Structures are given as structure tokens and as C-alpha cells.
Amino acid sequence: MTTRPRKSPRPALTDVVSEIYEAALHPEHWMKVLTQVNGFLNVRSSMLLLADAKSGINIAVNCGLDPQALAEFGAHYWQQDPGLPVFAREGPGSTALTNQIMTDSEFSKTEFADFLGRYDIFYCGGASLARSGGRDGVVAIQRPRRAGAFDAHDLGKLKAVVPHLQRAFQISRTLSGLATERDTALSMLDQLPHAVILLDAAGRAVAMNRSAEAIARRNDGISLTSAGLQVSAPDEQYRLRELLHHAGKTGLGRGTHTGGALAVSRPSGAQPYRVLIVPVRMPQPKLNLGAPRACVACIIAAPETATSLQPAHLQAWFGLTSAEARVALAVTEGQSVKEIAERAATSAETVRNQLKTVFGKFGVHRQAELVRLLLTSPTARVRESETN
Amino acid sequence: MPRNRAAIPLSGRSMPPVGNYSGERQFSDLVGSIYDAAMEPDGWAAVVAKLKQYLHCQTGLIFLEDVHHRKASFAVIDQLDDGLANQYYRHYVFLDPNLAAKNQLPVGTVTASNQVMRDRQWENSEYYYDFARHLDIFYQLGAYTHRRPDSFGSIGVHRPKGANPFSTADIGRMERIVPHLRQAFRVSSLLAGAQGTLSALMELHPHGVFLIDAGGRIVLANRRGEGLLRRRDGLDQVDGRLSALSASGQEALARAIHIAVLTGLGTGVHPGQALTIDRPSGASPHQVLVTPMHDLPTRFGGGPSRICAAVFVADRQSMSGVSSDALREWFGLTPAEARVALAVTDGLSVKEIAERSASSSETVRNQLKTVFSKVGVHRQAELVRLLLGSAISACDASTEQDRTGS
Numbered sequence: 002m003t004t005r006p007r008k009s010p011r012p013a014l015t016d017v018v019s020e021i022y023e024a025a026l027h028p029e030h031w032m033k034v035l036t037q038v039n040g041f042l043n044v045r046s047s048m049l050l051l052a053d054a055k056s057g058i059n060i061a062v063n064c065g066l067d068p069q070a071l072a073e074f075g076a077h078y079w080q081q082d083p084g085l086p087v088f089a090r091e092g093p094g095s096t097a098l099t100n101q102i103m104t105d106s107e108f109s110k111t112e113f114a115d116f117l118g119r120y121d122i123f124y125c126g127g128a129s130l131a132r133s134g135g136r137d138g139v140v141a142i143q144r145p146r147r148a149g150a151f152d153a154h155d156l157g158k159l160k161a162v163v164p165h166l167q168r169a170f171q172i173s174r175t176l177s178g179l180a181t182e183r184d185t186a187l188s189m190l191d192q193l194p195h196a197v198i199l200l201d202a203a204g205r206a207v208a209m210n211r212s213a214e215a216i217a218r219r220n221d222g223i224s225l226t227s228a229g230l231q232v233s234a235p236d237e238q239y240r241l242r243e244l245l246h247h248a249g250k251t252g253l254g255r256g257t258h259t260g261g262a263l264a265v266s267r268p269s270g271a272q273p274y275r276v277l278i279v280p281v282r283m284p285q286p287k288l289n290l291g292a293p294r295a296c297v298a299c300i301i302a303a304p305e306t307a308t309s310l311q312p313a314h315l316q317a318w319f320g321l322t323s324a325e326a327r328v329a330l331a332v333t334e335g336q337s338v339k340e341i342a343e344r345a346a347t348s349a350e351t352v353r354n355q356l357k358t359v360f361g362k363f364g365v366h367r368q369a370e371l372v373r374l375l376l377t378s379p380t381a382r383v384r385e386s387e388t389n
Numbered sequence: 010m011p012r013n014r015a016a017i018p019l020s021g022r023s024m025p026p027v028g029n030y031s032g033e034r035q036f037s038d039l040v041g042s043i044y045d046a047a048m049e050p051d052g053w054a055a056v057v058a059k060l061k062q063y064l065h066c067q068t069g070l071i072f073l074e075d076v077h078h079r080k081a082s083f084a085v086i087d088q089l090d091d092g093l094a095n096q097y098y099r100h101y102v103f104l105d106p107n108l109a110a111k112n113q114l115p116v117g118t119v120t121a122s123n124q125v126m127r128d129r130q131w132e133n134s135e136y137y138y139d140f141a142r143h144l145d146i147f148y149q150l151g152a153y154t155h156r157r158p159d160s161f162g163s164i165g166v167h168r169p170k171g172a173n174p175f176s177t178a179d180i181g182r183m184e185r186i187v188p189h190l191r192q193a194f195r196v197s198s199l200l201a202g203a204q205g206t207l208s209a210l211m212e213l214h215p216h217g218v219f220l221i222d223a224g225g226r227i228v229l230a231n232r233r234g235e236g237l238l239r240r241r242d243g244l245d246q247v248d249g250r251l252s253a254l255s256a257s258g259q260e261a262l263a264r265a266i267h268i269a270v271l272t273g274l275g276t277g278v279h280p281g282q283a284l285t286i287d288r289p290s291g292a293s294p295h296q297v298l299v300t301p302m303h304d305l306p307t308r309f310g311g312g313p314s315r316i317c318a319a320v321f322v323a324d325r326q327s328m329s330g331v332s333s334d335a336l337r338e339w340f341g342l343t344p345a346e347a348r349v350a351l352a353v354t355d356g357l358s359v360k361e362i363a364e365r366s367a368s369s370s371e372t373v374r375n376q377l378k379t380v381f382s383k384v385g386v387h388r389q390a391e392l393v394r395l396l397l398g399s400a401i402s403a404c405d406a407s408t409e410q411d412r413t414g415s
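Keeping their order, the protein sequence lines are chains E and H. Numbering-wise, the first sequence is residues 2 to 389 according to my numbering. Numbering-wise, the second sequence is residues 10 to 415 according to my numbering.
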């Protein structure tokens, strides 16, 4: 919507803004944003960077800059950029232009201008977009001397773009923060003694733990495709569809079905998988246009998915000695005191004493209690047996 | 600061006419508020208010319909009677000539009622006479933001009788806004989806789980965790922090969380710590595990996780909370078999189960054998593992439905 006469059509604010919010969801779009920013602000090059007075800068995206200039700026000259201290001082939303900070003749005497001159850059500027952990997210713009100094019009345009960049940046951060947190929550499910798959109403996987990934990879009766969770036997598939349908409805708040179990036979002839399909009721978001909604959990107990607790963790967390940790694990795996003693080439009496100490450390009185505690303890880790 | 350069910004003499630019300010501000609302739904009211201003309208609305339930799943209705607007979506929606036109066009296409039919025709329509008239709506300008099998969304602004009809320029302005509304809805639903997945994953954990941020505060707890806090039997929440009721427990817990957070932040190397927290009720103490959670390095535009540590609380009560009904339904167990299965999961021996149910050990052993074969397992440990999974649904069933926060 600019009315200033231009030789080539320049992007209007509308175009830049559309591109900016596209980048909020698709980070690969930041490059396009910079292309538009260059046109809109009439600059030859621009970059997005993270600046930290202590550890230096990290240039994330750049458009129109000489690679050598980038390298030198990143290695050394960023420290002389007069804009960065302004951003550090004034925080997100602040803008700075070199020709606002000093006169052309003053600036041209600086080492920084020398460096820029080698790459035909003279006027620089930018804005601070965000700050977290002592780092400033910055957009920086550059143009040659012949393009003229930045004027009020340019500054107005920069200030028009900055709030959108800030907001898009925040959206992007929030979304990827949630993705990171989802990964954290998933890694906690890796500890469970069974495979877990979180599904949407159509039976498509939204997330799964590592045991589930291994089962899906093995493709022995259970598979995960773009069409959702599948089992190979037709009658089992029918039952699975039915369970998913009912549990899905309950999960979405439209039913009262409690879920159900089914055995899934395996082409390899191995013991069938025991599968539970249960609804997961979650608050309904008001606005959801097709983002996957988890509403069903599929829990798979595979006979060969032996619980293998890690002795190191038992030692670290519960203060067991390595021998005690071994005895505790052997009991969990169903070995008798005699068997444990034989394998460890020691007496049953020794094992019994070790077990007693273990009981004391866990505050339990019986083997069954210990088994249950360890199986239900957050320390329980699953490792696929290496037999397949 | 500028000293001797006339061309330096902000010196009024050299300022170009600002007019060519200020026209964009309103647009820019409106678009900004749309994405603010995408992040914080309370902001939608401001969006409608600004949109009305932008297009010189008297009333306006954003409406999302839940097709399954035939009701509004979300609505911002500005200066309109809510009840009437709901009536619209029950009944008059089928008579709306503007909507009929929109239905023929791709989603996102902006239409103005005065384009669709002449004023006279409009005035004589059942839709206007029975409905729009009462809301002082004469001209309608709007678009579908989405049309899906399960929901559709629309945006509309209106002018009263006697106002100017919508011009091509007005339509053009709306056309600049609609793509941003659609994009903002996408942002909003992605956020909701991601938050939903995160919460659901938390529920799959058979323990009370508390995720802790850099400041030692609880960021997120699953329902088991919330239940533990509600019962205040050993654990409590003080200033957003997980705390133990007993002084000694509190000291140990606070220290363990502190160390785990430091490790999570990358300034410690502790693998975590297990501890027990006494319960005033006299029930067996809570088994608590505090572990660090490592953050990923921050990229540009990459969001840091808020989570630095996790606290797991093995709550025996909820572990054995698998409902006997569920077991009977899922595996076809008899009530007695379901009781035995649950008792085994609770760690009781065959002899103890027999004593409690006043039957012989032989009977219990036989029942257990049947349970194994019905459930399809061979060992006690396997049974416990499977039933642990089913504890998920047990937790769900015991949840109050009134809570909606995440």
C-alpha cells in the first residue's frame, strides 16, 4: 500500500504480515519473511539472530548477505555492532538504526564501518523481538551507502513490522515449547512396563512410548499406518475398530463406554499381544480445527516385553548395593531365592540376608510386595527382549 | 542521537507524508489482536470490536458451530442478543440468503448481502422479516473461516438499515482479514491440540506426576497428582510448590527437587532421588521419586521447555483403583476372580487372599489359574503389568467432570 514511487513493485505490509504469521507455524518460512522484509524496508540484506553479550551470537536465518561477511560478523564484528547494546538495554520491541546513533562521518571512522564497507554495506539497523535466558532475538537490516540513510518513513515501516515479528516469534516458541514438553512426557512413559499408544478418534497415533514404537516396527500382528492402528486378523480388526469407536466417543465426552480388551494374534506364532483400549477423557478445546485430539489409549502387554529394571538406578535412587539391586531384580523376574543363589554362586542364606536388607530399604515385608512396588515404581524400565 | 544530519529520522522537516502509511495502522492493529486472541482466547471480543470499527459496522460476530451437537462451540457476539444469535444457528441459518451464496463459494470467500440480492428483495425475505430485522441487521458482510464435517466457523459484521451498503472496498478490507482469522484459528487449534496431547500423556502415567519448572514450581500435574494434593495426606502445594506436610519430609523433598532442577538446568549431575513421605492418615508412606528433566538447546524461534524436573508419587490407592467391573467386562472374569486379580495386583499372597475371603488357598489358586488363562498371562508379574495399564481408565472414571482447566 505504499504510495512512494518505486521502480519495482515492493511488497505491502499485508504481504509481509501474511508471510510472518506463516513462519509462526512453519519455521522454514522465516527465509521468505526476510525476502519480504528486504523489499518492504528497501534494504539489501537482513538476518534473524540470537545475541548474548557473554556467549556471542547465533545467526539463524539470513537473506542477501555474503557468507564471508556473515562469518566475520559472527566471529568478531558483532561485538562492535552499535545496535546490539541498544537492544540489550531497551529490551524487546526496541529499534535502532546506526544513522540514528551517530553521524555518517562518525560512523565511517569506526572499525565496524570498515568491515561493512568491504561488503558494500553502510547503513544498519534492527529491532529486538524477544528475550529469554539473557539472549535477545534480533532482526537486523543492512543497506549500501548509496541507498541512503534510514529516514522516518523507514523507521515507521520497521516499527509496523516489529510487533508482528514479535508475536509470530512468540507463537513459534510456545508451539515448539509444547512439543519439547510432549517429548518429556513421552520419555516418562518409556519407563512404563507396557507399550502405550495415544490415539485420536480415528485411531491414528498421536504419540507413543518406545515400547510401542518397537512393537509397531516389528509389525507382527500390530501395525500403525496413516489410516491408524491396524491388526492383521480380520475378526480382530473388526473388534478393534468397534472398541476404538466406542472408547473414542467416550474420550470425546459423547459416551460412557469403559473400553475393552482383545488378544491380537501374531503371524510369527508368538504369544498373542494383550491389548487394552481405554478412553482418555480430556477437557475439550473450544477451537480445534483438525489438530489431532488424543482421546483413546491403547495399552499393549507383550509377553516378551520383560521388565528390566536398571540396577544403576536402583542403586542411585534407593541406595541399594549392586548385589542387593541384582537380588531385587531377580525376584521381580520371578526367580526363587535358590535360583538366585545358584546363579550368583553364593549361598541361599546370603541371598536371604540381602533380600531382607532390600525389604528394609523399600519398607516392604514380602516378596510379592517388592515385586509390585518395583513393577509399579517410576523406576521400572522396559527393554524389549533381544529374542526377536 | 542525531546532531548534524538533516535526513536523520524524527526530525520533522524531512518526514515524508505519513498519510500513505497510517491507513495501515488500523489493519496492522487488527491483525495483531487476531493473533493475540489465537494465543489467549479472551482476546476474541477485542477482535470483533476492532473489526466492526475497521468496517464501520454496528454489530458483529465470530461463531463456531459444533455440528454434532448443533450448538455453538465458541461464539463472540458483539452488540447482539445472544439468544437471538443462537436462534439463528438453530433455524434461520437455513433461510439466510447470504449464507446460501457463501455455500456455493470456496471457504474464505467474502460475500456481502447487498451483492446477493437487492434491498427490496432482502426486505421481503422471510429471513430479514422474521429474524434480522429484530437484530437491526440490514447489510451483512462475512465469510466462512472453515467448513468441516464436525464444525464450521463464520465471521460476520453488519450494518443497520439506512447505513451505506457494503462497497467493493469494504469487501476488499474483509478479504485482507479473513486469511488471518483462518490462520489464527489454526494456531489456536494447534496449541489446544498440543496442550491436550501433553495432558493426555500425563494421564497415562500410573503415578501422580508433577512437572516442575526452573523456579521449583509445579507447571503441570496429572489427575492422580491433583488428587494427592486434594487429599492433603502427606503432600500439599504451597506457593505453587510441591511440599510435604511433615517438616523432615519437606526438607528432603525440597532439597531433592532443588538438586534435580539444577541438574535439569545443566548445572548439576544428580540422577535423581527416591524418598518416602509419611502420611498423617497412617497409611503406608508415599514412595516419591524426583528426577531431573533435561531441556533441549534453544533454537531461534524454538521454545524452551518449562520443565526442569519431574516428581513421581506412587500412590498405592490409585494403583489398585482398577475397577472390578472393568475387569469383569474386559476379560469376562467372575466377581470372585476379579477380586483375586486385584488382590494379587495389590501384592497379597494366595494365603492372605484366602484368609480375607474366608475360602481355601486351593480355591484361590484355582481362581487365579482361571484369571491367568482368561486374561492370557502366565505369571503374576505379567498380570500386574497388564492391570497397571488398565489403571488408566480407573483413574479416569474417578475423575470429577467439572474441572476443565489443563
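Everything labelled a hint here was simulated from the structure, so no lab data went into it. A quick note: this is a predicted structure, and the numbers were derived from the prediction, not measured. Glycine included, every Cβ here is placed at the ideal spot set by N, Cα and C. Errors might be hidden in some of the hints.
Counterexamples of contact, computed for chain E against chain H with all Cβ distances above 10 Å [to be verified]: (1) A13; (2) G40; (3) Y78; (4) S109; (5) R183; (6) Q231; (7) E243; (8) R255; (9) G270; (10) R294; (11) A342; (12) R367; (13) E370.
Once the Cα atoms are required to be at most 30 Å apart in a straight line, the calculated DSS-like pairs of lysine-lysine come out as [as the list claims (entries may be wrong)]: (14) H/K360 <-> H/K383; (15) H/K360 <-> E/K160; (16) H/K383 <-> E/K160; (17) H/K170 <-> E/K362; (18) H/K170 <-> E/K250; (19) H/K80 <-> H/K59; (20) E/K250 <-> E/K339; (21) E/K158 <-> H/K378; (22) E/K250 <-> H/K383; (23) E/K339 <-> H/K61; (24) H/K360 <-> E/K357; (25) E/K339 <-> E/K362; (26) H/K80 <-> E/K339; (27) E/K158 <-> H/K59; (28) E/K33 <-> E/K158; (29) H/K80 <-> H/K170.
Going down the list of hints, with the structure as the test:
no. : hint              : in the structure
1   : A13               : 8 Å, violated
2   : G40               : 15 Å, holds
3   : Y78               : 20 Å, holds
4   : S109              : 13 Å, holds
5   : R183              : 5 Å, violated
6   : Q231              : 20 Å, holds
7   : E243              : 14 Å, holds
8   : R255              : 7 Å, violated
9   : G270              : 15 Å, holds
10  : R294              : 6 Å, violated
11  : A342              : 20 Å, holds
12  : R367              : 6 Å, violated
13  : E370              : 4 Å, violated
14  : H/K360 <-> H/K383 : 22 Å, holds
15  : H/K360 <-> E/K160 : 78 Å, violated
16  : H/K383 <-> E/K160 : 70 Å, violated
17  : H/K170 <-> E/K362 : 81 Å, violated
18  : H/K170 <-> E/K250 : 46 Å, violated
19  : H/K80 <-> H/K59   : 26 Å, holds
20  : E/K250 <-> E/K339 : 51 Å, violated
21  : E/K158 <-> H/K378 : 78 Å, violated
22  : E/K250 <-> H/K383 : 27 Å, holds
23  : E/K339 <-> H/K61  : 82 Å, violated
24  : H/K360 <-> E/K357 : 21 Å, holds
25  : E/K339 <-> E/K362 : 22 Å, holds
26  : H/K80 <-> E/K339  : 67 Å, violated
27  : E/K158 <-> H/K59  : 22 Å, holds
28  : E/K33 <-> E/K158  : 18 Å, holds
29  : H/K80 <-> H/K170  : 29 Å, holds
Hint check: violations occur at hints 1, 5, 8, 10, 12, 13, 15, 16, 17, 18, 20, 21, 23, 26; the rest are consistent with the structure.
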